[in-house]
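I would like the entire structure built from these sequences, with the hints used as guidance.
Here is what each chain is made of, one letter per residue.
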Amino acid sequence: MTNGKLIFDETRRILFAAAVALLMALVIIFIASKTPFETFNTFIAGPLSSKRTIGNWIDDSAKLALAGLAFSLVFQARQFALGVQGQVYAGGTIAAAIALSPLGMSWVSIPLGALAAMLAGAFLGFIPGYAKAKLNANEIVSSLMLNYIAYDFANLILRLYLASAKTGLTASEAFPRSAVYPAFVQHTRIDLGVILALGSVAIVWFLLYRTAWGLRLRLTGHNARFAAYSGIRSNFIMVSAMTASGAIGGLLGALYVQGQGFGKIVVGFEGGLSFEGILIAIVARNRPLAIPFVALGYGYLRQGAALMGYRTDVPAEVIGIVQGIVILLVASSFTLPGRAFLNRIMGGTAAARAPST
Amino acid sequence: MTPFLQAIGIDKTYPGGVHANKSVDLTVSHSEVHAIVGENGAGKSTLMKILFGVEQPNAGEIRLDGTPIHLPSPRAAIAAGIGMVFQHFSLVPSFTVAENVVLGVEPRSGLRLDRKRAAETVQALADRFRLPVDVEAPVERLPVGQQQRVEILKALYRDAKLLILDEPTAVLAPQEVVELFAAIRSLTEQGRTILFIAHKLPEVIEISDTISVMRAGHMVGRVPKAEATEAGLARMMVGRDVALKVTRAKPGERKHLCRISGLTIKNDRGLDAISGMDIVLRAGEIVGIAAVEGNGQSELFDAIGGLRPVEKGSVELGGVDITAVPVDQRRDAGMAHIPEDRIATGSAGGATVAENFVATELEDERFVRHGLLDLGAIRAHAVKLIDHFSVRVNGPDAAIGTLSGGNMQKVVVARELSSNPKLLLVSHPTRGVDLGATEFIWQRLAVARDAGSAILLTSADLSELLSLSDRMIVLYRGRIVAAFADTTELTPETLGSYMLGFAEQPENERRAALA
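Heads up: the sequence lines are chains A and B, in that order.
Anchor point for the first sequence: position 251 equals 251 in the working numbering, and the numbering is continuous, going up by one each time.
Anchor point for the second sequence: position 271 equals 1271 in the working numbering, and the numbering is continuous, going up by one each time.
Treat the hints as calculated values from the structure; they're not laboratory data.
A few of these clues could be false.
Stated by the list, open to error - Which chain B residues face chain A? A few, computed with CB under 7 angstroms, are given here:
# : residue
1 : V1327
2 : D1328
3 : R1331
4 : A1348
5 : A1359
6 : T1360
7 : V1368
Claimed, not checked - In silico lysine-lysine, DSS-like type, Cα no more than 25 angstroms apart, as pairs:
#  : chain 1 : residue 1 : chain 2 : residue 2
8  : B       : K1422     : B       : K1384
9  : B       : K1200     : B       : K1225
10 : A       : K134      : B       : K1312
11 : B       : K1422     : B       : K1245
12 : B       : K1266     : B       : K1312
13 : B       : K1266     : A       : K134
As the list claims (entries may be wrong) - Using C-beta positions, here's what the derived DEER-type ranges look like:
#  : chain 1 : residue 1 : chain 2 : residue 2 : range
14 : A       : L119      : B       : R1477     : 54 to 60 angstroms
15 : A       : L135      : B       : G1252     : 51 to 57 angstroms
16 : B       : G1221     : A       : E10       : 42 to 48 angstroms
17 : A       : L15       : B       : N1058     : 53 to 59 angstroms
18 : B       : D1025     : A       : L15       : 45 to 51 angstroms
A virtual CB, placed ideally from N, CA and C, is assigned to each residue, including glycine.
Listed below in structure tokens is the structure:
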């Protein structure tokens, strides 16, 4: 199958999944809302209703893309490390500490914050990898547990050192202007973070498809026994994939606190977005170059649902249903219904079946 | 007398454009064993799928006992008395044999499955057709040969008059093949008809009454058993003379390349799979290992290949001790490995052919510089190997998982031979591979041997071992029980008695052949 056809097929499947999910959302809105048409309109057209909402959509998408990228990197190595959330909190906390320190008065705090956040995230990513390589600890369990530790530790640091007395221990003072990512479009959240996200996508693509490390990683993910048989040190690959993924998670933390959206650190600033990176990675089939598009599409639905939650009588949780249906349809490798039936009445057999002799 | 089954003018083109059957005729008589042979891709499986209602022909007619029948689905085929055993079994592992056999048409008492009656019926069926199997055992605990019997019983329980067996011997050990053939004979004696798809010609000639040969979608011949010869059938299948003969290594002094001393290896259950093995391998020879499946040969190859730890003893290759070093260092020392399972071990199914070729060469300056892939060189390397080994593939960017078994095996063989190894481990090199590719792979192994490789070979196919090996050893329960410095006079019968543990060579004779 050619690449072009593959992309076409996948795109068609995703769009169809999204259409089914939207239809379900529509049904729910009709049941739940007193003014269904207005509600649905808010859901579908809301994100484009103002410069500010468009900005929120783009910013959310950049964050979703980074989260998806972090997951896709470990998923390609067939490691199910789920530690992105913890990495975001660790990275965000370090970046906030730098922004609130005297360094925050200089632009240096932006690259320094990003770098320190990546290091913190990488360290958190490294732990479950190392534990798996040396102790055979299950990476799902250890990475999830680390999420709790990182979250609570971040809260502790916030309350002890970073919080301002004015905010009642739940947020810091606003960072100095020099420590906040410059906005590219005034009065929106479209800032340096978008560039960082796209740059990360390009770097991860390059690492995966143009370096020997990336090929080793993908071969390990395809068939770990084959990798071992070929002489690939799969433990090194596994640990380094988790570490690199952790660095992306950490960077996402810096993006949060130093971005236009916050410009300060707040309790629970990540708001559960990290885990939605799993959906992005699954729908994009772990392909880095597909991730920005999937993130934009999903970010749009997410933004629409959020606006619906603020502006209408239907809660934003509808997005959870949409998310579930999309995952179910994409992950289950469905084919368009009716194809087998169509083939039967046309006299052939299912075209989906590969010819074998 | 009307033939039992007649297929007339069967034509099948797949939606992808593959013309798999071109006006194929097939006539099968009552109570005979009818074999269909042909290379991979000749259209045998398609024809069988049509007869079992899995695929629909574009043209043609199927007659059973002279009556035209229509088979829109496997269900219709079963109702017409046609059963099929596929290569990949469809059994529920945690269910017992009896439960698996009756699944779908269970005897009931009220709403519940009548276990007792199910077990009795299945037992009676097994006794009648000489298919001994423990009907109360869960299927997952049975060896492959017995699982196959369960599949056959499933078809018989549904009262199949015609039983289609798709390459039934591919998964079986030699002993199991003997048992299967006994069962097949008892089936035909009791009026059942067997349609048998196969690769291995000696087996086909042994069991069949009539042999139909397919090539490139055509039915090219129908040969009664009396007139069938291996060479003749091979010529019909491939369309040219096939020389399944390999020249032996030229005699002469050969230097020692690999020394295995006191090697002990544990199996997955912690028991000794190989105990205290000593052997020296020399440059330019093939050493064959004959053993019944499960006598330590898999563990031996895994351990030398670096996929399993060595318990005691040492392996030395060209002066380097490789007993406990990682796989990449073994490969640097000159080891290469054609593993027994090309899918589970020998390839990364989702990756491209080019990536599979280069997987073992990622330290090589030709393909990787400063950690960056040289995609052009990798592609050129793949194109070259595809060409040299006549791999049938759309191009180096095709996923290897889309290749047929024989072509996938060629990719593995090409990759492993391309490094000009000193020591080549070869496990079942032609399992499930068609005749043309088998001939090709054998010749390539002989070329590698003549270029100075020491080759350690094992195969479930004794004729393959006897054709290729310059020296042979027999493993029984992890120990070398016999060794032969000269294989020209060796017969399968002699090997068999050692393989089954009936005999053991005197110590001094063995020693002489191992040095």
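Cross-check of the supplied hints:
1. V1327: With Cβ-Cβ at 4 angstroms, under 7 angstroms, it holds.
2. D1328: Nearest chain A Cβ about 3 angstroms off; hint holds.
3. R1331: holds, 5 angstroms
4. A1348: Interface hint status for A1348 of chain B: holds (4 angstroms vs cutoff 7 angstroms).
5. A1359: holds, 4 angstroms
6. T1360: holds, 5 angstroms
7. V1368: Constraint on V1368 of chain B satisfied, holds at 4 angstroms.
8. B:K1422 <-> B:K1384: holds, 22 angstroms
9. B:K1200 <-> B:K1225: holds, 15 angstroms
10. A:K134 <-> B:K1312: Roughly 24 angstroms separates the two Cα atoms, so the pair holds.
11. B:K1422 <-> B:K1245: holds, 24 angstroms
12. B:K1266 <-> B:K1312: Holds - the C-alpha atoms of K1312 of chain B and K1266 of chain B are around 10 angstroms apart, at most 25 angstroms.
13. B:K1266 <-> A:K134: holds, 22 angstroms
14. A:L119 <-> B:R1477: 54 to 60 angstroms: holds, 56 angstroms
15. A:L135 <-> B:G1252: 51 to 57 angstroms: holds, 53 angstroms
16. B:G1221 <-> A:E10: 42 to 48 angstroms: Given a distance of about 46 angstroms, which is inside 42 to 48 angstroms, the answer is holds.
17. A:L15 <-> B:N1058: 53 to 59 angstroms: Hint violated: Cβ distance 34 angstroms, outside 53 to 59 angstroms.
18. B:D1025 <-> A:L15: 45 to 51 angstroms: Holds - the Cβ-Cβ distance for D1025 of chain B and L15 of chain A, about 48 angstroms, lies within 45 to 51 angstroms.
When held up to the earlier numbered hints, the structure conflicts with hint 17 and nothing else.
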